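Since the structure of chain W is already known, use the hints to place chain H on it.
Quick mapping for you: the protein sequence lines, in order, are chains W and H.
Numbered according to the numbering used here, the first sequence spans residues 2 to 448.
Numbered according to the numbering used here, the second sequence spans residues 2 to 448.
I should point out that these hints are in silico values taken from the structure, not numbers from a laboratory.
As the structure is a computational prediction, the values presented were derived from the model and not from experiment.
Be a bit skeptical, because a hint or two may be false.
[Stated by the list, open to error] A few chain W residues that don't get close to chain H, going by computed Cβ distances all over 10 Å: (1) 4; (2) 35; (3) 55; (4) 61; (5) 74; (6) 137; (7) 148; (8) 156; (9) 180; (10) 196; (11) 198; (12) 263; (13) 302; (14) 338; (15) 409; (16) 424.
[Stated by the list, open to error] Listed next, with one range per pair, are the computed distances between beta-carbon atoms: (17) 363(H) x 131(W): 13 to 23 Å; (18) 140(W) x 179(H): 49 to 59 Å; (19) 168(W) x 264(H): 55 to 65 Å; (20) 24(H) x 112(W): 51 to 61 Å; (21) 59(H) x 437(W): 38 to 48 Å; (22) 346(H) x 170(W): 21 to 31 Å; (23) 277(H) x 407(W): 53 to 63 Å; (24) 365(W) x 148(H): 25 to 35 Å; (25) 24(H) x 168(W): 46 to 56 Å.
[As the list claims (entries may be wrong)] Cβ-to-Cβ under 8 Å is the rule here; a few derived chain H residues that face chain W: (26) 4; (27) 329; (28) 417.
Just so it is clear, CB atoms sit at the ideal spot from N, CA and C, and this is done for glycine as well.
Protein chains: 2
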Amino acid sequence: MRKIVVIGAGAAGMAAATRARRFDSQAQITVLEGSGEYSRGTCSLPYYIAGEIDSARSLVGISPQTLAEMRIDLRLGSRVTSIEPAARRVHLGHQSIDFDRLIVSTGSRSRTVPLISQGTDWPRLWTLRSQAEAEVIKTALDRFRPHSVAVVGGGYLGLEMAEVLTQRGCRVTVFHRQATLMRLLPAAHQAIFSLLLERGVTVRLESEVKLIDPSSRRATVEFQDLSSGQRRSEGFDAIFLAPGVVPEAELLSRAGARLGPSGGVVIDSRGQTSLSGIYAAGDGVELPNPYGGKTRYVPLATTAARWGRVCGENAVGGSLRGPAPWGGLAVRLFDSQVASVGHPEDWSRAEEISVELGGNSPFPARGRSVALFLSEARGGRLLGAQFVGPQAAAWADLASLALQKDMTVSDFSELDLNYTPPLSHLWHPFLLAARLAEKFGRREVRR
Amino acid sequence: MRKIVVIGAGAAGMAAATRARRFDSQAQITVLEGSGEYSRGTCSLPYYIAGEIDSARSLVGISPQTLAEMRIDLRLGSRVTSIEPAARRVHLGHQSIDFDRLIVSTGSRSRTVPLISQGTDWPRLWTLRSQAEAEVIKTALDRFRPHSVAVVGGGYLGLEMAEVLTQRGCRVTVFHRQATLMRLLPAAHQAIFSLLLERGVTVRLESEVKLIDPSSRRATVEFQDLSSGQRRSEGFDAIFLAPGVVPEAELLSRAGARLGPSGGVVIDSRGQTSLSGIYAAGDGVELPNPYGGKTRYVPLATTAARWGRVCGENAVGGSLRGPAPWGGLAVRLFDSQVASVGHPEDWSRAEEISVELGGNSPFPARGRSVALFLSEARGGRLLGAQFVGPQAAAWADLASLALQKDMTVSDFSELDLNYTPPLSHLWHPFLLAARLAEKFGRREVRR
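Pulled out of the complex, with its shape left as it was, chain W reads as follows (with noise of 0.2 Å):
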């Protein structure tokens, strides 16, 4: 009977435990999460704030009982604090656990902010990684009524958020560090910043906090003007965290696997570490490249579980390989949505294709969009894209399929896509941009 162990209990770690069940109905499967929480639905953390979801109960992935069913034995409150992977065993302080395989999720950790730290326990400075914290957010606001919040980061979760506390009535000041809001090109931020500043979120970009200071009744935020190097301060009813997050990969690191250049850990296409048995996966790994070249470090949740239950299966004698990674992303921003797929740091001597789309149209669906496309070559084979507007995170998936077939920009005017007024553009934004590949000479229609 083989000894299963799984540490940490988020999607990674929880698809694994069940996908290793599926494929062998005897193993004895433990899952060791050093919180209170388990099969959280992190993602949704915004939206219970906002009070779109209403049950607490429905942020869990899986119930206790499905749990039972499937024999896992979930222990939580249980922090692994060594592993021996030469001894085959993880250790929680004094007492210690045999394992045949062992599945390491730790997951990821928040940036540090350069943070006064006797204000550590101010009540309304908030960070967003559990669903105690979540309370803690709701809680405040209920009983506070902040005015003012300063969101420290514009990456997506910084948005989402900035959009939660704008509808709960906040007046929200995004600091940014970058030039544009989650790593998007100039056309696709210059449509998102345009429509935070419609809705009342000021944005300051290019703005680095240097010192959070939440000792007195409002917390003053101390930030540079990295343009003009000047240095100012403002005050604030509440801050919001959301400094982005890196690699949690101690316990693995101290084990002796190997890390890439994120700090995140290596594993190769079945989710294997450098340590024999030892899997791997969720936001502290780095994943094998679809292009070939350096590895990636793409945390979210739908990478974090469909890699989790590749390593579930090989730990269980399956011999799986994990999907490539597109880095496809999608945020809801006030009644737009903003979404990319592939990796800026390809982008670097990528040719972009521009396609407007006016927003004079009478259905919603066909609102103003920003259509970017990045190839090899103007029309070759594509790297990534961005989108803004009613419908970019579905154009996103499209443009992750493409990716995965190795399009060309080209390709796309063999699309056969939808049209029908109400829901989409007569000429859509994936023809509209082979068009423009061919306009600047390449042609090239393939069969």
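Relative to the frame of chain W, chain H by itself:
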């Protein structure tokens, strides 16, 4: 200087004319249109009646100024009576025009319905093939305020108008000869059938209309229940006819062009008919089959416009191949959508994989949905798909790309699709389909 003549100023004809100009600045380009309308957005007409599109001008795709700038000589009210292929000449009654290349886009006509002839000028017997007819319906709805309306035909136009008429306050009954609406598979049909029922639309399936008698104040619809054989009749204040279309190929047929089984003109992969120098596109032609089998009759605006472009370019010396028609079709239906891709006639021996997604999410985009995938074998090569739900149209576009790329349903397990709670499901229906395929014993992870 080439003389290009285009017959018909619909989607295909106007695309042909403008494309020809783009590639040949010298050619003399003449478009002959029998009616007084051109470049009208036929697909938008239901929404013009509904009032969602409020300006008739926005129904027209190309402005007269643009036509003038492009030196396209559009002659409305110019009905071609015959084509002389050998002499390269078209006749309009006594007048004739010479051509070097001819592009015929005469479109389709309605199937006939059994009608007592003296009633044809009854003011509430409607069809919808032109803006003029849309105006008739608009006016009649405002003036007569019909209470009950029969819609004859449960294809996409019938259902679009069932929605429009319901929202204009009419009580609608749809008569449909087949057992499922819109050629849908049972599970997809059942989903929109329920939806229509909830919205107060009566649907009479397997009901063949035997006679429409509009000779008194109310029109009588006599119909036969095909399952029981019983004949019944029912009175209505107005009748909307949407019996489907057949190719209008009279002119080319008389000129000796080869027709296909549907009665449409057969064209080659470059849009040329069996008559040298004569091209055809639009709802009057049959298209090459991407699967290599029988030709296709695909009377859709996107297909017409894209093959029109091909004809226009090739008529001035190009050698463009037309895009394969995957038969994508999407309709908004109240707060849901229905979409189909592929050709039901290819599905007789297909395996069906069905995914149902519950509607218990607070997010509209994750409302109740059905996704059906048809493949050569369980999990094998995709042959088509049908979707009902708030994202049906976008999913159909994804399926269309998958069809074009010869993907199997099992291949979907490789897709990296977006997950963000307000916009999409954690496990996209394409991924769930791949999982189901796998459960049934097929297992291919391909790279």
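Against the structure, the hints come out as follows:
1. 4: Non-interface label on residue 4(W) holds, nearest chain H Cβ at 26 Å vs cutoff 10 Å.
2. 35: holds, 23 Å
3. 55: About 7 Å separates residue 55(W) from the closest Cβ of chain H, which leaves it inside 10 Å; violated.
4. 61: For residue 61(W), whose nearest Cβ neighbour in chain H is about 13 Å away, the distance exceeds 10 Å, so it holds.
5. 74: It holds; residue 74(W) is separated from chain H by about 24 Å at its closest Cβ, greater than 10 Å.
6. 137: Label holds. Min Cβ-Cβ 20 Å, cutoff 10 Å.
7. 148: The claim holds: residue 148(W) sits with its nearest Cβ about 26 Å from chain H, beyond 10 Å.
8. 156: Given a closest Cβ separation of 13 Å, the condition holds.
9. 180: Label holds. Min Cβ-Cβ 24 Å, cutoff 10 Å.
10. 196: Given that every Cβ of chain H is farther than 10 Å from that of residue 196(W), nearest at about 16 Å, it holds.
11. 198: holds, 21 Å
12. 263: Check passes; 19 Å lies beyond 10 Å.
13. 302: Non-interface label fails for residue 302(W): nearest chain H Cβ at 6 Å, not farther than 10 Å.
14. 338: At about 6 Å from chain H, residue 338(W) fails to clear the 10 Å cut-off, so the statement is violated.
15. 409: The claim holds: residue 409(W) sits with its nearest Cβ about 13 Å from chain H, beyond 10 Å.
16. 424: violated, 5 Å
17. 363(H) x 131(W): 13 to 23 Å: holds, 21 Å
18. 140(W) x 179(H): 49 to 59 Å: Since residue 140(W) and residue 179(H) have Cβ atoms about 57 Å apart, the given range 49 to 59 Å holds.
19. 168(W) x 264(H): 55 to 65 Å: Given range 55 to 65 Å: holds, Cβ gap about 57 Å.
20. 24(H) x 112(W): 51 to 61 Å: 54 Å Cβ-Cβ, so the 51 to 61 Å window holds.
21. 59(H) x 437(W): 38 to 48 Å: violated, 24 Å
22. 346(H) x 170(W): 21 to 31 Å: Given range 21 to 31 Å: violated, Cβ gap about 57 Å.
23. 277(H) x 407(W): 53 to 63 Å: violated, 38 Å
24. 365(W) x 148(H): 25 to 35 Å: holds, 31 Å
25. 24(H) x 168(W): 46 to 56 Å: holds, 51 Å
26. 4: Nearest chain W Cβ about 26 Å off; hint violated.
27. 329: Interface hint status for residue 329(H): holds (5 Å vs cutoff 8 Å).
28. 417: Residue 417(H) check passes; min Cβ-Cβ to chain W is 4 Å, inside 8 Å.
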